[in-house]
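Enquirer: So the protein lines, in turn, are chains R and G. Residues 1 to 491 (this note's numbering) make up the first sequence, in order. Residues 492 to 951 (this note's numbering) make up the second sequence, in order.
Rather than coming from a laboratory, the hints here were simulated on the basis of the structure. Even for Gly, the Cβ is constructed at its ideal location relative to N, Cα and C. Some clues are possibly wrong.
[As the list claims (entries may be wrong)] Just some of the chain R residues that point at chain G, by a computed CB distance under 8 Å: (1) VAL57; (2) ARG85; (3) HIS87; (4) TYR144; (5) LEU146; (6) VAL147.
[Said to hold, decoys possible] What follows is a list of derived Cβ distance ranges for each label pair: (7) ASP92/R / PRO721/G: 33 to 39 Å; (8) GLY246/R / ALA782/G: 50 to 56 Å; (9) GLY618/G / ARG267/R: 42 to 48 Å; (10) LEU859/G / LYS245/R: 55 to 61 Å; (11) ALA808/G / LEU102/R: 31 to 37 Å.
[Unchecked claim] A partial selection of chain G residues facing chain R, derived with a Cβ cut-off under 10 Å: (12) PHE561; (13) PHE564; (14) LEU575; (15) LEU582; (16) THR718; (17) SER793; (18) SER843; (19) GLN854; (20) GLY919; (21) SER921.
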Amino acid sequence: MTDEILAKYEMTVGVECHVQLATDTKLFSGADNDARDKSPNSVVSPIDYGLPGMLPVLNRRAVDLAIKAGKALNSSIAHISRFDRKHYFYPDLPKGYQTTQLHQPIIGSGVVHVPMEDGRVVDVRIHHAHLEEDAGKLTHFGDYSLVDLNRAGTPLIEIVSEPDIHSAIEAKSYATELYRLMTYAEVTFGDLYHGNMRFDVNVSAALKGATTLGTRAEVKNLNSFRSVERAAEYEFRRQVEILEKGEKVVQETRGWDDNKQKTSSQRSKENAQDYRYMPDADIPPIVLSDDEISAIQADMPRLPGEWRQILSQLGLDYLPIETLLDAENEFRGKINILQMIEDVIADPKKAKFIANWNVNTLIPILRSDTNFKIGQTDYLALESAIYELSDANKLSSTNAKILFRELADLDELPNVETYATEKGYIQVSDEGAITAIVDEVLADPISAKAVEDLKNGNDKVIGFLVGQIMKKSGGKANPALAQKLIRERIK
Amino acid sequence: MTISEIKDQIKASSARVVVEKVIAKAREKAEYHALLNLTEERALQRADDVDAGKITGKLAGVPFVVKDNFLAFGAPTTAASKMLENFDAPLQATAVEKLEAEGAICIGKSNLDAFAHGGSTENSAFGPTKNAYDTTRVSGGSSGGSAVVTALDIVPFALGSDTGGSIRQPASFNGVVGVKPTYGMISRYGVVAMASSTDVIGSFTTNVADAELVSSIMAGRDDRDMTTLPDFFQIQNDVKLGQKIGLIKDFMTDGVDADVRARVNEYVEGLKAKGHIIEEVSLPMAEYALAIYYIIVPAELSSNLARYDGIRYGHRAEGIKTLAELYGRTRDQGFVTENKRRIMIGSYVLSSGYFDAYYLQAQKVRTLLINEFNELFSKYDVLIGPVAPTPAFKLGENTADPIKMYLGDIMTVPTSLAGLPAISVPAGRSESGLPIGVQLMGPSQSDARLLALARSMEVK
Numbered sequence: 001m002t003d004e005i006l007a008k009y010e011m012t013v014g015v016e017c018h019v020q021l022a023t024d025t026k027l028f029s030g031a032d033n034d035a036r037d038k039s040p041n042s043v044v045s046p047i048d049y050g051l052p053g054m055l056p057v058l059n060r061r062a063v064d065l066a067i068k069a070g071k072a073l074n075s076s077i078a079h080i081s082r083f084d085r086k087h088y089f090y091p092d093l094p095k096g097y098q099t100t101q102l103h104q105p106i107i108g109s110g111v112v113h114v115p116m117e118d119g120r121v122v123d124v125r126i127h128h129a130h131l132e133e134d135a136g137k138l139t140h141f142g143d144y145s146l147v148d149l150n151r152a153g154t155p156l157i158e159i160v161s162e163p164d165i166h167s168a169i170e171a172k173s174y175a176t177e178l179y180r181l182m183t184y185a186e187v188t189f190g191d192l193y194h195g196n197m198r199f200d201v202n203v204s205a206a207l208k209g210a211t212t213l214g215t216r217a218e219v220k221n222l223n224s225f226r227s228v229e230r231a232a233e234y235e236f237r238r239q240v241e242i243l244e245k246g247e248k249v250v251q252e253t254r255g256w257d258d259n260k261q262k263t264s265s266q267r268s269k270e271n272a273q274d275y276r277y278m279p280d281a282d283i284p285p286i287v288l289s290d291d292e293i294s295a296i297q298a299d300m301p302r303l304p305g306e307w308r309q310i311l312s313q314l315g316l317d318y319l320p321i322e323t324l325l326d327a328e329n330e331f332r333g334k335i336n337i338l339q340m341i342e343d344v345i346a347d348p349k350k351a352k353f354i355a356n357w358n359v360n361t362l363i364p365i366l367r368s369d370t371n372f373k374i375g376q377t378d379y380l381a382l383e384s385a386i387y388e389l390s391d392a393n394k395l396s397s398t399n400a401k402i403l404f405r406e407l408a409d410l411d412e413l414p415n416v417e418t419y420a421t422e423k424g425y426i427q428v429s430d431e432g433a434i435t436a437i438v439d440e441v442l443a444d445p446i447s448a449k450a451v452e453d454l455k456n457g458n459d460k461v462i463g464f465l466v467g468q469i470m471k472k473s474g475g476k477a478n479p480a481l482a483q484k485l486i487r488e489r490i491k
Numbered sequence: 492m493t494i495s496e497i498k499d500q501i502k503a504s505s506a507r508v509v510v511e512k513v514i515a516k517a518r519e520k521a522e523y524h525a526l527l528n529l530t531e532e533r534a535l536q537r538a539d540d541v542d543a544g545k546i547t548g549k550l551a552g553v554p555f556v557v558k559d560n561f562l563a564f565g566a567p568t569t570a571a572s573k574m575l576e577n578f579d580a581p582l583q584a585t586a587v588e589k590l591e592a593e594g595a596i597c598i599g600k601s602n603l604d605a606f607a608h609g610g611s612t613e614n615s616a617f618g619p620t621k622n623a624y625d626t627t628r629v630s631g632g633s634s635g636g637s638a639v640v641t642a643l644d645i646v647p648f649a650l651g652s653d654t655g656g657s658i659r660q661p662a663s664f665n666g667v668v669g670v671k672p673t674y675g676m677i678s679r680y681g682v683v684a685m686a687s688s689t690d691v692i693g694s695f696t697t698n699v700a701d702a703e704l705v706s707s708i709m710a711g712r713d714d715r716d717m718t719t720l721p722d723f724f725q726i727q728n729d730v731k732l733g734q735k736i737g738l739i740k741d742f743m744t745d746g747v748d749a750d751v752r753a754r755v756n757e758y759v760e761g762l763k764a765k766g767h768i769i770e771e772v773s774l775p776m777a778e779y780a781l782a783i784y785y786i787i788v789p790a791e792l793s794s795n796l797a798r799y800d801g802i803r804y805g806h807r808a809e810g811i812k813t814l815a816e817l818y819g820r821t822r823d824q825g826f827v828t829e830n831k832r833r834i835m836i837g838s839y840v841l842s843s844g845y846f847d848a849y850y851l852q853a854q855k856v857r858t859l860l861i862n863e864f865n866e867l868f869s870k871y872d873v874l875i876g877p878v879a880p881t882p883a884f885k886l887g888e889n890t891a892d893p894i895k896m897y898l899g900d901i902m903t904v905p906t907s908l909a910g911l912p913a914i915s916v917p918a919g920r921s922e923s924g925l926p927i928g929v930q931l932m933g934p935s936q937s938d939a940r941l942l943a944l945a946r947s948m949e950v951k
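One chain only, chain R, in its complex shape (with noise of 0.2 Å):
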């Protein structure tokens, strides 16, 4: 498949996601909504197992995350929303169905901003987005299957996009933004690798200018991002390659290969279930007034948006400020990458130095320096010493890294200028010390050459000039003070 023929036709893809909600019990049932390395089927009430006259009680506590799941994209909230019932069978389903919400469901049309790295903006609409249960889980042996019901009733929503998306990376950045809303707004733990956030990519391809959308499949089941990116890049491939040959795409639900990096067919149209879709009369409707909604939204953290329009009103460009967005979610519990900066945002000056000595220097330590390990410091104090300091010419760059690292995994912070002083990492600026160093230099016979180029007009040697100040100060003088010093004196 050449790339021109790629370029003749254009890739349209819609996601639907499910998220995991961090409740601490299921929908209907008050069974521990935690499933992660439990025993089978230890993590289910009567409820979730279907017995007999069992009820649903609806969880609260998933209606509020809702809600703020619905502000993380933008969406209404619905004054007036009810579940359904989704009927098949299937091992992993107790009740022989599956309570979504189809008609009315609580989180309403909406939209995502998504950025890209080369700045432009996709917004990406949100169809809606509705509560439901999570199905248990079976495990295939040669003649038998087993099954655990641990998850069957988790706290789901998923969200519907519009088809919105035209190529890979935009879909792998709208997984990714996703997945920043959900957590930062604390809808979900977000733990990918126990499946807390799933991606379904329903995929098309078309000729360019083509007025109607060509037929899509759906790859299920994606939990990572790298996995939307590439399915949606195979299967865009793959589709292009039907339709050059004169062949239909086939409507048809795809699974993705990660080991091989391929979809292959699971189930087509023609063998699509008829769901027997009807209100569920057990549970009454959510009735939400418009202050019991705005109360749950203004108890929100800041989501990836406004910290967005926050660094970058600090003067941070694309790539640092999606670092510390990524790093708040990484490190999140342990340190508060991003707090630091809001505690300080009064002094702008002061916020920006925040922002960038975590993305220069405390992140990379967190990710990389592996005899690091995160202590009780208070990390905002700690950075503003080090502000002060270097604010005041007293600490060079690289006695400011050499300093933190020191003090950065201590459980208690010392007094940071007095322990930068006994350990000789402040730096002198009084001109008047500096300058008699800067004569004792300049008049040392081995400066004697150096003097004579940096006259010639040769500057480099200026660096030689002020490493020897630097070492007769014992590396405490300032070397842009010392700098200076030499030029007004060799003009």
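With the hints as your guide, set chain G onto chain R.
Expert: Just chain G now, with coordinates in the frame of chain R:
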């Protein structure tokens, strides 16, 4: 036998003696096939606990029976089906728990149409229950067993469930008081679900005061059933005078048995004599109630019965090779014909392309029916009519003709669809000696007022 008589007997002897006597009488009356299982061991243990003072309450030691679609300890909960023939409930229905908390003792579990699908108990997988007054006739249903144990004076009260008349019709057929409360008055938790939007829990008693007592114990909000209402049931000692009562003339046509009409008219005369005002009213939507009912209820029950798949509990077919075969054979063997008929109707009306035409349309007409009731109850305190078009029919008489069987529900389903309280009280006998009931219906949450009215009309 009344609850207070039983309590006197307990005082005079002991709970153990009374429970033993009751169980002996239940065995004596085995030919009626009203009970599927006795909960003897547990009942006697509880009786001893009452005698030892460990169990107390308003109903301390009073024996009762539950329909076998209530989850209760001491015997399997079969729903009169092969599907649940050996199913032992790990917990009890809220209604049972509340009665036990007042000291009542469940002595057995009564027969019903399998999964409560039917109006005669002839759909029980274990054979029909016979009428308390004529063993060649049906007990009515689906709560036939509970009606008969009450009518035979085995226990002073029994519990049933009513989805479209399953308490009121057998009460009428056996000459006892049957109460279908307002939807949501009593928790459905722990009762095998039939149709979620019309299922209610209620009682059979020999007199109205006992129904009031039992209702007052079972009523109230249950955190395990989101459709329950805050407790509104307060026994009314005084009956409201000069009530305006509408006699539903649509239920008094020539097609209705002459004895039934005569008994209802006599009851109406009695109400007049007490100073109440009677007017004939019409309920035009009643004509459609049966059609609505037999769309919505099968739809809901097809969904509620989907869980019986042979995977986790209950019957599982032997010798199967594929998953589809497991489902097919298990459900074929576990359900009776009427279950399958209703599941198929329900699945059909919910199918893609038919949902709007059947289910949604039926829900719209249901709203019109509810509006019509609201309209009537803006003018009348109570509506009155027969419970069923005939007294108890012969065993086997209607089994070949499901439509004829369904027509028998015509007077009870309208209030079920509207979620309104309705009670069946004895109004005398037919010429051949069969009991006939009269039905009193009220607006939502008027249960206590309806019962007070019925109590004022009782022949002492």
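Enquirer: Against each hint, give a clear statement of whether it holds in the structure.
Expert: Status of the hints after comparison with the structure:
The interface hint given for VAL57/R is met, as the beta carbon of that residue sits about 6 Å from the closest beta carbon of chain G, less than 8 Å. The closest approach between the C-beta of ARG85/R and any C-beta of chain G is roughly 5 Å, which is under the 8 Å cut-off, so the hint is satisfied. A cut of 8 Å between beta carbons decides the hint on HIS87/R: the least distance to chain G is about 6 Å, and the hint holds. With 8 Å as the threshold, the beta carbon of TYR144/R stays out of range of chain G, its nearest partner Cβ sitting at about 11 Å, so the hint is violated.
The interface hint given for LEU146/R is broken, as the beta carbon of that residue sits about 11 Å from the closest beta carbon of chain G, more than 8 Å. Below 8 Å, beta-carbon pairs count as interface contacts, and VAL147/R has one with chain G at about 7 Å; its hint therefore holds. The hint said 33 to 39 Å for the Cβ distance between ASP92/R and PRO721/G, and at roughly 37 Å that hint holds. Against the hinted window of 50 to 56 Å, the Cβ-Cβ separation of GLY246/R and ALA782/G comes to about 53 Å, which satisfies the hint.
For the pair GLY618/G and ARG267/R, the beta carbons lie near 45 Å from each other, so the given range of 42 to 48 Å is met. Range check, LEU859/G to LYS245/R: about 57 Å between beta-carbon atoms, so the 55 to 61 Å window is met. Taken as a hint, the range 31 to 37 Å holds for the pair ALA808/G and LEU102/R, whose Cβ atoms sit roughly 32 Å apart. Satisfaction of the interface hint for PHE561/G is found here, the shortest Cβ-Cβ separation to chain R being roughly 8 Å, below the 10 Å cut-off.
Annotation: PHE564/G was flagged as interfacial toward chain R, and the flag is violated, the nearest CB pair being 13 Å apart, outside 10 Å. At its closest, the beta carbon of LEU575/G sits 7 Å from a beta carbon of chain R; the interface hint therefore holds under the 10 Å criterion. Among the interface hints, the one on LEU582/G holds; its C-beta lies about 6 Å from the nearest C-beta in chain R, closer than the 10 Å criterion. A least Cβ separation of about 6 Å between THR718/G and chain R falls short of the 10 Å threshold, and the interface hint therefore holds.
Given the 10 Å rule on beta carbons, the hint for SER793/G holds: about 8 Å separates it from the nearest Cβ of chain R. Taking 10 Å as the C-beta contact cut-off toward chain R, the hint placing SER843/G at the interface holds, the least distance being around 5 Å. The beta carbon of GLN854/G comes within 8 Å of a beta carbon in chain R, closer than 10 Å, and the hint placing it at the interface holds. At about 37 Å, the closest approach between the beta carbon of GLY919/G and any beta carbon in chain R exceeds 10 Å, and the interface hint on this residue is violated.
At a threshold of 10 Å, the smallest CB-CB gap from SER921/G to chain R is about 37 Å, leaving the interface hint violated.
Comparing the model with each numbered hint stated earlier shows that hints 4, 5, 13, 20 and 21 do not hold.
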